[in-house]
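**Q** First to last, the protein sequences are chains A and B.
All the letters of the first sequence, read from the start, carry residue numbers 136 to 303 under this note's numbering.
All the letters of the second sequence, read from the start, carry residue numbers -19 to 326 under this note's numbering.
Think of the hints as simulated: they come from the structure by calculation, not from any bench.
Any given hint could turn out to be false.
Straight-line alpha carbon distances no greater than 20 angstroms define the calculated PhoX-like cross-link-like pairs of lysine-lysine that follow [claimed, not checked]:
{"no.": "1", "chain 1": "B", "residue 1": "Lys117", "chain 2": "A", "residue 2": "Lys170"}
{"no.": "2", "chain 1": "B", "residue 1": "Lys155", "chain 2": "A", "residue 2": "Lys173"}
{"no.": "3", "chain 1": "A", "residue 1": "Lys162", "chain 2": "B", "residue 2": "Lys118"}
Covered stretches of chain B (in silico footprint by chain A; criterion: 3 or more residues with CB under 8 angstroms from a CB of chain A, positions within the stretch not fixed) [claimed, not checked]:
{"no.": "4", "stretch": "90 to 98"}
{"no.": "5", "stretch": "101 to 112"}
{"no.": "6", "stretch": "289 to 295"}
Every residue, glycine too, gets a C-beta built ideally from N, C-alpha and C.
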Amino acid sequence: MSLITPDSGLIIWMTLIFAIVFFILAKFGFPVISKMIKDRSTKIEDSLRKADEAEKRLSELTEEHRRMIEDTRREQAEILKEAAQARDNIIEQARQQAQDEATKLVDEARVRIENEREAALRDIRREVAILSVNVAEKIIRKDLESTDAQTQLLNRLVDEAADAEINS
Amino acid sequence: MRFLKSIIAAILLLVTASAFAQEKGVDMDMKAYIFGHVGDSYEWHITAIGGRPVSIPLPVIVHSRTTGWHCFLSNKLEEGEYEGFHISETSGKIVETAPDGTEVRPFDMSITKNVLGLMFGSLLLVVLVLWAAGWYKKHDGMKEAPTGVPGLVEMLVTMITNDVIKDAVGKDYEKFAPYLLTAFFFILFNNILGIVPFFPGGANVTGNIAITMVLALCTFLAVNLFGNKHYYKDIFWPDVPIFLKAPAPIMPIIEIIGLFTKPFSLMVRLFANMLAGHIMILCAVAVIFLTVKMGPLINGSLGVIAVFFGIFLDCLEFLVAFIQAYVFTMLSSVFIGLAHQEPETE
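Let's have the full structure, built from the sequences with the hints guiding it.
**A** In structure tokens form, the structure reads like this:
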């Protein structure tokens, strides 16, 4: 049967054609395609890894960002609290100072009033003394004609003066 | 609905065609029909119009011991003898008549139907693969993926490289990838062209034992020329009890036989599968012509069945075309991989 006996002419042609095809494809065809496929798969792997890294980095950044915002909030709250405290302190101090000032003023006023009163009393007493001396002079001029009466009067005056001294 | 319409149209066409055939009273020689289609020939028969065969004459190149080289077109042989050569009745090959009356086979390098089919398939293969390779020169392969033919070629190359070659051959697969890919695409293209029913397809290239023999021989060389020390040690001095290799070298003989049975199985597998597929399709089609004598009703109904069966077989053969190319490449890869195995360290 000719089907299972290989034909020499066909073998020669096949060898020749297959050799040429193999030479052309192995030199210009498949290495180019294989290299590109390999390069591309390397690139895809690379890109995937990079994307992964970027994602990780991004999540890190987000986390950092979040933490920063939190820190800032806390700081802000602290500052606000401090400010409130400082304000309270200042107000408290001012009030204290004002009270002190007022007390001092009142004290001073009291002292001055006391002084003024004293001075007025002294003036009045002097006036009264002068007046009484004048009155006494007049009375004495008129009454002191008799010695008896003079002595009487003198005693009375001395008593009165002593009383006045005690009363004042 | 459209599908149904086309089915009815096909049935009507077949019935009329068979009625037409009946009038002519075709009588079929099944053996000649099948072997004429799957075998090789000196001309490319395309069809017959009005009983006259239409075929493309192909160049005949022969070298005779006595008269030297001859080169002429095959249609010169139709009338009988030309330049002392004629086509033998028994073998169907070109022979010359020796002075003593016996038929002598000259050295025959004719471009037969199979050679032309082979050339066409190879040309198509080279053009398509170089097209794919050229695509990368014009485009930046890092930024865009190919579409169309380059995309298809790239997909197949990726598949064969990753699924077959890389796994089976092992670490230095890149050295063998060009051969294995060439073998795969070569077989695939010629297989598929073989089931295209009209010119320039239809030549039973990969179902011819000469073709598969050369392919198997290439694998044989790729396996044994690059085998490592361990591989050859395993053939001539395998790890078996000593009485199996000396004094009578039983195991080495078995191993050496195995060396040749591997490519032989590759050769026969591809050849037999493709040949059987062709014959099956031809048989399915032949049903239409064989049943002509049984009347238009049986002929028409069997014709419909035969057409559907033929479509089914064509699809199956398309699958087989791919599977056989895949299997040939995979087994070649495995054999190459086995010749590169490192000894197991304990």
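**Q** Next, verify each hint and record whether it holds.
**A** Hints versus structure:
| no. | hint | in the structure |
| --- | --- | --- |
| 1 | B:Lys117 with A:Lys170 | holds (12 angstroms) |
| 2 | B:Lys155 with A:Lys173 | holds (15 angstroms) |
| 3 | A:Lys162 with B:Lys118 | holds (18 angstroms) |
| 4 | 90 to 98 | holds (count 6) |
| 5 | 101 to 112 | holds (count 6) |
| 6 | 289 to 295 | violated (count 0) |
When the structure is compared with the earlier hints, a violation turns up for hint 6 alone.
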